[in-house]
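Could you use the hints to bring the two separately framed chains together as a complex?
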Amino acid sequence: MIEVTGLVKNYGTKRAVDGISFKVNRGEILGFLGPNGAGKSTTMKMLTGFIRADAGTASVGGIDVTVDPVAVKRQLGYLPESAPAYPEMTVEEFLSFIAEVRGFRTATAKRERVEHVLGLTHLNSVRSQSIETLSKGYKQRVGFAQALIHNPPALILDEPTDGLDPNQKNEVRALIKNMAAEKAVILSTHILEEVDAICTRVIIIARGRIVADETPAALRARQPGARLDEIFRTLTA
Amino acid sequence: MSQIRPLFKREFLGYFRSPVAYVFLISFLVISVSLAFSRYGNFFKNGTASLESYFIFFPWLFMFIVPAVGMRLWSEEKRAGTIELLFTLPITTLEAVLGKFLAGWAFLTLAILLSFPMALTVGFLGQPDWGVMAATYLGAILMAGAYLGICALTSALTKNQVISFVLSLAACAVFVFLGLSSFTTTLESILPVSVADMVSNFSFVTHFDAFTKGIIDPKDVIFFLSLMGFTLVLNVVALER
Ligand SMILES: Nc1ncnc2c1ncn2[C@@H]1O[C@H](COP(=O)(O)OP(=O)(O)OP(=O)(O)O)[C@@H](O)[C@H]1O
Ligand SMILES: [Mg+2]
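In order, the protein sequences belong to chains B and E. Going by the working numbering, 882 is the number at position 193 of the first sequence; the sequence numbering is gapless. Going by the working numbering, 245 is the number at position 239 of the second sequence; the sequence numbering is gapless.
No wet-lab data here; the hints were simulated from the structure. It cannot be assumed that every hint is accurate.
One-sided and incomplete, this derived list gives chain E residues near chain B with beta-carbon spacing under 7 Å [claimed, not checked]: (1) I10; (2) P12; (3) F22; (4) K84; (5) E90; (6) T94; (7) K165; (8) M234.
From the three backbone atoms N, C-alpha and C, an ideal C-beta is built for every residue, glycine too.
Just chain E, same shape as in the assembly (with noise of 0.2 Å):
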């Protein structure tokens, strides 16, 4: 497990070789806030002191965030012919694995909380809860790691960047869909609803919206542990195949 290191660090430091770090941060914090402030998000209208209006977006924004840089994981090292070299270094498939989902995960973390200046115009402005603050960050970065883990599994399958990227788009879209109210009652009309509860308890956005309301429920964070956990052991299956 020591081996994780190294492969960490030059997955991480790798996104600041070029400048897809750079553009991602950016484009992410530019659409993350301007959403916030847009006519949906309500930013100063609704009058709280929270940053609920920011973070309610989320799950949206992450579902074509996330693929963006997940996509380039495993298909990128298939495309340079460079997990040839990966592969026959003395690591199992499973440090490479973790070392780069937690490279990735490390990434999105960051960008999650450059938003921190959202939060301290909150706090400047009025008396925000920042428990709930604290819940929803958390929240956040988890609903990450398990989109995370989707889009780092759909990379191994390729070595085409854009079959990757799509492929990781359309599985995190079925994960935010299964919770949209339009849908579960065309489920629930279709099937018992027992059983459309069980699928849309599948959602990013059920999961998520107890944490932005400073809920930390077990439930919610074993959700997203296992759906990281599950989308990994995948993954390590799907390069050893």
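For reference, chain B alone in the conformation it holds in the complex (with noise of 0.2 Å):
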């Protein structure tokens, strides 16, 4: 579904992200983990096509974004960092917007996608509050909602958990989990357990490049009975 190769990204003389492939097929969901500045952001706006990349290539069911971003665009869902949303729109709003540029045109099937995702990520009681009111966890699932409006087939989210609390985190990992069967998910996040909990695959990036691409458990084999962060910190140092 979702299909990298030889991805790299320049900041002037600085390389953020130096030559990444990889694969995401339906049904999988694609744990990017990396020290902060590692790259990953940048790897996931180069497959949104929001910035252009100095070589290599990406593509999402079968379609180049550089070719056709448009198309591409239709067919993920992506919750950017931090999650960015137009402040001084209610939550209702907002999401009625995203549903209306995402091709649900009637009231009623507007209305219907919004009322779908209010309801997948909880977001009943304060949907008719404006978004700069909202506390940082419910920022973050405003973004989530926005980004599943469509029931997109496959989807990206940068640090999806980011600001949740504990409950929210795992009704977010199990939101992903459960919608994750016909889907193809990349997912960054700096909680290790996460990767454990619902990534069918971790891809582990450092100053740019891969450099682990396996199964969790896999990932755990490497130093038997070590915990998961001292394996990240031999890869990544």
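Next up, the structure:
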């Protein structure tokens, strides 16, 4: 479903992403790990077509992002890092706007989608509150709701559980897991247990390069008995 | 192109979601009306039933007021990071540019049309030439669009709203000053007259003046429309770079 080959991105003389390749099929949840500044968000931005790669290709559902960006964007649900949203809109207005741009044009279709994601992400209690007055965790949920609104075949989530309370973290993980059967999901995270909990595969990135691409079980088997953060440290050091 | 509608709607209603719209509309009316009644405008004294003294200040007023509307168009999206959200929705850059521009233009048009009570007053006090009046409104709306095209472009160049405002103001000022007689005289002294003429042809004042006299010259209409088209194309380029 998602395929990336040899992606490169330079910022000035600094190479943020240095030849990353991987594939994600439907039913897979790929966990993106790596220290701060490793290039996780940059890779995701190139995959969504928001920034242009300096080399390499990215495609979703067989469509190259540089060839037909709009067709790729239609198939993607994307939660950008820190979940940006229009602050002066209410949650409901914002989600209706996204639904409309995502092709739900009639009032009933729009309302049906908005109600659905409001329920999924437990936003009903704040639906008429303006986004700027929401707490961080609620803002994050709005971003998540927005990414799910069109039930996309591919989901790209940049730190989806960042800022959520423990209950919500589990809730969101369960939600992702339940949806994943017919979707290709990529999520980045700094929580190593998250990988164990929901990911079918892990990619660890350090300084723009992939240093590990395997199942969580295989990652653990690298150093039997060691904690995940110790394995992470040896890989990214 | 059907994607323009939701973008337009969000942007246009966005003006009214914050106090910006009301502050803007009220200040615009207060300033424009008081300029007309000032001793420079002579709304009453010149004894003619027309809005000429009201509209005469528009090129100057727009120089300040349109950047205030246009500065946030892209700068704000860049600052808040919502541009990442916007451009990962299934829309093209052109659709986004048009949606935003048309929303801003509609808002400015609303501001201009809110002066209609002034027109009614003139109609009540005397016998104005409604044709001239309509031409002037058309000219003002077209001119607002041209100003906004410039401001949308400068706004796409920076995420800082202050820089965006100052850049827009400077760019708009150029298009006003090109037409000032003192400026053209200086220009004629250093450049061949034909070149100086061409340069002053780019002035908003010159093109707007014809409308206020009731003349709808295709040349002036095309000037404003092509300036809008040109700045919008550059706007797309600036965002895609
Ligand atoms: N617009 C930019 N201009 C210059 N450098 C940038 C820009 N965006 C990212 N970088 C650099 O690219 C590198 C990768 O950044 P990226 O945001 O992809 O990291 P990340 O893996 O997502 O980190 P984090 O875990 O902190 O979110 C960093 O060194 C960052 O400083
Ligand atoms: Mg990141």
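Hint by hint, here is what the structure shows:
{"no.": "1", "hint": "I10", "verdict": "violated (10 Å)"}
{"no.": "2", "hint": "P12", "verdict": "holds (4 Å)"}
{"no.": "3", "hint": "F22", "verdict": "violated (10 Å)"}
{"no.": "4", "hint": "K84", "verdict": "violated (11 Å)"}
{"no.": "5", "hint": "E90", "verdict": "holds (5 Å)"}
{"no.": "6", "hint": "T94", "verdict": "holds (5 Å)"}
{"no.": "7", "hint": "K165", "verdict": "violated (13 Å)"}
{"no.": "8", "hint": "M234", "verdict": "violated (24 Å)"}
Hints 1, 3, 4, 7 and 8 from the earlier list are contradicted by this structure; the remaining hints agree with it.
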